[in-house]
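Engineer: With chain A fixed as given, assemble chain B onto it according to the hints.
Line by line, the protein sequences give chains A and B. Residue numbers for the first sequence follow numbering that gives the first Met the number 0, beginning at 0 and rising by one. Residue numbers for the second sequence follow numbering that gives the first Met the number 0, beginning at 0 and rising by one.
Each hint should be verified, as a subset may be incorrect.
Label pairs and their in silico Cβ distance ranges [unchecked claim]:
no.	chain 1	residue 1	chain 2	residue 2	range
1	A	P129	B	K53	38 to 46 Å
2	A	E95	B	D173	41 to 49 Å
3	B	R15	A	E199	35 to 43 Å
4	B	R15	A	G50	34 to 42 Å
5	B	P120	A	P81	39 to 47 Å
Derived by calculation from the structure, the hints in this document are not laboratory data. Predicted model only: the values in this text are computed from it and were never measured. Here a beta-carbon is modelled for each residue, glycine too, at the ideal position from N, C-alpha and C.
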Amino acid sequence: MAIPGKNSATHMIDQKHDLGRWRRATVVSTTKAASNVMAIRFAVEGWREDGGHKPGQHVDVRLTSADGYMAERSYSIANPFPGDDFDVELGVELLENGEVSPYLWQLQPGEAIEMRGPIGGHFIWGTDMPDPLVLVAGGSGMVPLMSMLRLHESSAAKGADREVVFIISLRTIDKLLYADELAEISRRDARVRIAIALTESVPDGWTGYSRRIDAQMFEKEVGRLKGSMPDIYICGPTRFVEAAANLLVGLGFNTHSIRTERFGG
Amino acid sequence: MIINEGFKAKRAPNDRLPPGQYEETGFPVLSLGPTPLVPLDSWRFEVDGLVDAKISWDWQQFSSLPAEDIVRDIHCVTKWSKFDTTWRGVSMDQIISLAGVSPEATHIIAHSHDGYTTNIPIEDIRGGKAWIAYVFGGAPLEPEHGGPARLLVPHLYFWKSAKWLSRLEFVRGDRPGFWETRGYHNYGDPWKEQRYTYD
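Isolated chain A (complex conformation):
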């Protein structure tokens, strides 16, 4: 392997998917996951037979208009495989003047779009990686990290013992995805610590951070894990990912244990 990551074996692609194949993805349900994000669950043709996906991977979505115009976008997957009555959950942020996201937001159960994937062989995590897990999200960068946290939770229920720290940076609390689910995980699993940093305004009685991510925050939240070689995943807008990765490298975490995924812009 080109990159001496300590878990490189898990990064080999072993799924059977033909990535070139556009599949019919039928909406099973849609739920608001945050004020600006819709969680859309799909049943995807052949997904189970072909081996599903891994936490951290994404799919390409394609829309075709009646006159033949096509638009493609990439979206991260929010669920571990398999889901209960669905295959793939996307967390779709509504973009002002967006071309694709407003259409996805108004989809109803039973309607279908085209999807292909899963894509990505580096920004992925699996329960065969026993070390502590550090997840760092900016805004809707939470989506692929939720897939990892949810897989961890199902393995923890079967006895896996792993420390998880999830650091989330948001402008305001209404942008928090899956708030109820995160609160439930915090209550249930003492080994999972969720730290939220709000950068614009805070609700009354807020006890979390009210500032941008910084070295002091990271030292307090994850400094103790330095010696235990955590696997670190950072996802969000470019500037955020850049800042978070540099902070962690600056605190002495191994560059090769840090995997990043950046949104455009």
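Structural biologist: Then chain B, alone, in the frame of chain A:
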């Protein structure tokens, strides 16, 4: 194919956009880990493999080589394209002639300071198609965009334009690189939409 009733284009079709791409005016960043910071005083760039003489430049030497101004559209596999990007850099034709590349060489393997690699057929870097760029938009190339110097191969998807270039290896026979062994296409022609392995 599924027709999505009610879906309408919000952007005008554009012949400059390869299939599945949209125009982006910012400059998004795609990389797999933290940005390596490579100070100019310790920067080195090496050319080796099937060459007459292995060459190693320091920054002073490399930035003294004759350079060209380049204006090209670039296309990222994550679906954004950016038009008329402006660069300055050293053409690969010049590197090939300085190093005396053997006729046996069929591919280059580009190596980056963070351990990243990518493979490109040699015919795709000859004839004014590829450069080693160190200026973007009139300013020194920023670290997050691959500075001090990156490969620039604008006719292929942009992951082939390796950032933080440290070494070019001329080889006989193909050797798929980092993304090419992780589900992405071995060649990566945006106009044929060669995104993934089986495209």
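Engineer: If a hint holds in the structure, say so; if it doesn't, say that too.
Structural biologist: Do the hints match the structure? See the list:
1. P129(A) <-> K53(B): 38 to 46 Å: At roughly 42 Å between Cβ atoms, K53(B) and P129(A) fall inside 38 to 46 Å, so the hint holds.
2. E95(A) <-> D173(B): 41 to 49 Å: The hint (41 to 49 Å, Cβ to Cβ) holds, given that E95(A) and D173(B) are roughly 44 Å apart.
3. R15(B) <-> E199(A): 35 to 43 Å: 38 Å, holds
4. R15(B) <-> G50(A): 34 to 42 Å: Because 38 Å falls inside the window, the suggested range holds.
5. P120(B) <-> P81(A): 39 to 47 Å: The hint (39 to 47 Å, Cβ to Cβ) holds, given that P120(B) and P81(A) are roughly 40 Å apart.
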